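*Asks:* Here is how the chains run, residue by residue.
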Amino acid sequence: MNDAQILELSCAGVATAIRERRVSAVKTMEATLARAQAVQPKLNAFLRIDAELALDAARLADKDLARGHLRGPLHGVPMAHKDMYYRKGVASSYGGKIGPSRPAPSTATALERLDSAGAIQFGVLNMAECAFGPTGHNTHYGHCRNAWNPAYITGGSSSGSGTAVAARASYAALGSDTGGSIRLPASFCGVSGIKPTYGRVSRAGAMPLSFTMDTVGPLARTVEDCALLLAALAGADARDPVAEAREVPDYMAQLARPVAGLVIGKPRQYFYDGCEPEIAALMDASLEKSRALGAKVVEVDLPDFESWNAAATMIISAEAAALHGNWLRTRPQDYSSQVRARLEAGLAVPAASYIDSLRLRGVALDAFCREVFSKVDVLHAPVVAFQTPTIAETDLNPGPELSALLAKVTRLTRPGNFLGVPALSVQAGFSKAGMPVGMQLLGRPFDEATLLALGHAYQGATDFHSKAPPL
Amino acid sequence: MIAPITPELAGALVAAQGVTPTPESAAADARFATLVLGNAAKAFAQLAFEEEPSGYTAALRKHAP
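Heads up: the protein sequence lines correspond to chains A and B, in order.
Under the working numbering, read the first sequence as residues 1 to 471, first letter to last.
Under the working numbering, read the second sequence as residues 1001 to 1065, first letter to last.
Hint data in this document are derived by calculation from the structure and do not stem from the laboratory.
All values derive from a computational prediction rather than experimental measurement.
Among the hints, erroneous ones may be present.
Unchecked claim - In the DSSO-like style, the derived pairs of lysine-lysine whose C-alpha atoms are separated by at most 27 Å in a straight line are:
no.: 1; chain 1: B; residue 1: Lys1042; chain 2: A; residue 2: Lys375
no.: 2; chain 1: A; residue 1: Lys296; chain 2: A; residue 2: Lys375
no.: 3; chain 1: A; residue 1: Lys97; chain 2: A; residue 2: Lys63
no.: 4; chain 1: A; residue 1: Lys296; chain 2: B; residue 2: Lys1062
no.: 5; chain 1: B; residue 1: Lys1042; chain 2: A; residue 2: Lys266
no.: 6; chain 1: B; residue 1: Lys1062; chain 2: A; residue 2: Lys27
no.: 7; chain 1: A; residue 1: Lys88; chain 2: A; residue 2: Lys63
no.: 8; chain 1: A; residue 1: Lys467; chain 2: A; residue 2: Lys27
no.: 9; chain 1: A; residue 1: Lys266; chain 2: A; residue 2: Lys289
no.: 10; chain 1: A; residue 1: Lys408; chain 2: B; residue 2: Lys1042
no.: 11; chain 1: A; residue 1: Lys375; chain 2: B; residue 2: Lys1062
Just chain A, with the same shape it has in the complex:
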């Protein structure tokens, strides 16, 4: 296989090729490193590339395979991750100036599990400062740029994860999703990404932003890849008190579940308020494709998403302000003006209102499941209601205009975090401007398998996910 053929493989595809010794881990790593270094000047996706360490690890992977030892389903697969996952003794940047002063005391559970599955980390990826920004701007390390057109935003906060995977510069990447930070870059960059149910994947060793809303999950080229990664990541963890002990389904096996007969809900409220016609048309086309696969599509009424979005905003802001309080007091100059302003706003949330927001979550989830999942298996919606903006259009100083922009970007993703339900972002097509547009599928708590099966079937009937950006 030549480099182009290697890089065109999905994560599952390259794992199989390495396992079957059609390509070596070293050759795969060399191709990936060359690609990463080639796209970096255009995309600014990477904050560090550890070429020599990664090549050493790839040589060991090949030796293991030669003596018949397969480490796991990701044996030898090169990956880079959002720079907020701790590796013992190494300081993660958190996309800003706060992280570099804090060498990690232990390795993140998510990284340990990918290591155990055989994946090889070769670098760390750009991200929004402290994972507190949905556009991909970063004043400390430079803005991350969209692989489909570097003038456009990547979405955030897992900005480097989205654009590196789209650029074929990493087979998959960890992101994190507190208000949309996996789904937004997946949508803007045209890759697949899953925000698991709150507690499905351990947060231990992942930089916290909002401990009651943070989720850890993968971005990858295909839904099948997401299933492969999630299978490696999910499960109980004594290091994370909210990591759920329930059995992890065989996500890969369940990809083959039939989607005929599934009932998909199209929301009557909230998600299409102010939605641009071109986005709505792509959503309708994706629903039509699902119908052709045998799914039934019905319209559903939603409970009060507007108030849930406000409550989610209070929780994230108050928890982020508390977590960053000491640094806000002692090192305010180390934050960008935008992040400092957003963290400061969290200090103005009254304690009783923060607690009311937490009290509302169980009530909201009950209402959502009663009113939606009694009628449908999956809720289908856009990830964002507007076309991808440029970096310049969204490069704003703190003020009402920036606040309105940030609220608009996360409006359709944040309620999923408040409810804690799983949400899968899958590309639904391209805008007339040539930029990817994503849809999100929301499911019952811990029912990632249904979303993955539907997303996989959809990708089997479409080819958006197989198109590479013209870099």
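Starting from the known structure of chain A, arrange chain B on it as the hints suggest.
*Replies:* What follows is chain B alone, placed relative to chain A:
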């Protein structure tokens, strides 16, 4: 109808927690808090007296397939 949080109140809250606001940031903090409190007020008013945050974890498990 809830009263808006004023920039003076927001600024005082922030300063009381050891962070120094600017007039502009205090005004932004006030706008933010007023907006989210206003949007959530109706839902908060309907919360049962006994409702507590742990109800959320129970709901997650209850609605799993």
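*Asks:* Next step is simple, just say for each hint if it's right about the structure.
*Replies:* Cross-check of the supplied hints:
Annotation: proposed proximity of lysine 1042 of chain B to lysine 375 of chain A holds, straight-line Cα distance about 26 Å (limit 27 Å). At most 27 Å may separate the alpha-carbon atoms for a hinted pair to count; lysine 296 of chain A and lysine 375 of chain A meet this at roughly 11 Å. Pair hint lysine 97 of chain A plus lysine 63 of chain A does not hold up; C-alpha atoms about 39 Å apart against a cutoff of 27 Å. Between lysine 296 of chain A and lysine 1062 of chain B the CA atoms are separated by roughly 26 Å; this keeps the pair inside 27 Å, and the hint holds.
In summary, the hint linking lysine 1042 of chain B to lysine 266 of chain A is supported, as the alpha carbons are separated by about 25 Å, within the 27 Å threshold. The hinted pair formed by lysine 1062 of chain B and lysine 27 of chain A fails the criterion: a straight-line CA distance of about 48 Å is larger than 27 Å. Annotation: proposed proximity of lysine 88 of chain A to lysine 63 of chain A holds, straight-line Cα distance about 25 Å (limit 27 Å). Distance check on the hinted pair: lysine 467 of chain A and lysine 27 of chain A sit about 23 Å apart at the alpha-carbon level, within 27 Å; holds.
A C-alpha spacing of about 14 Å is found between lysine 266 of chain A and lysine 289 of chain A, which places the hinted pair at or below 27 Å, so the restraint holds. Under the criterion of a C-alpha separation no larger than 27 Å, the hint pairing lysine 408 of chain A with lysine 1042 of chain B is consistent with the structure, at around 22 Å. Between the alpha carbons of lysine 375 of chain A and lysine 1062 of chain B the distance comes to roughly 17 Å, so the proposed pair stays at or under 27 Å and holds.
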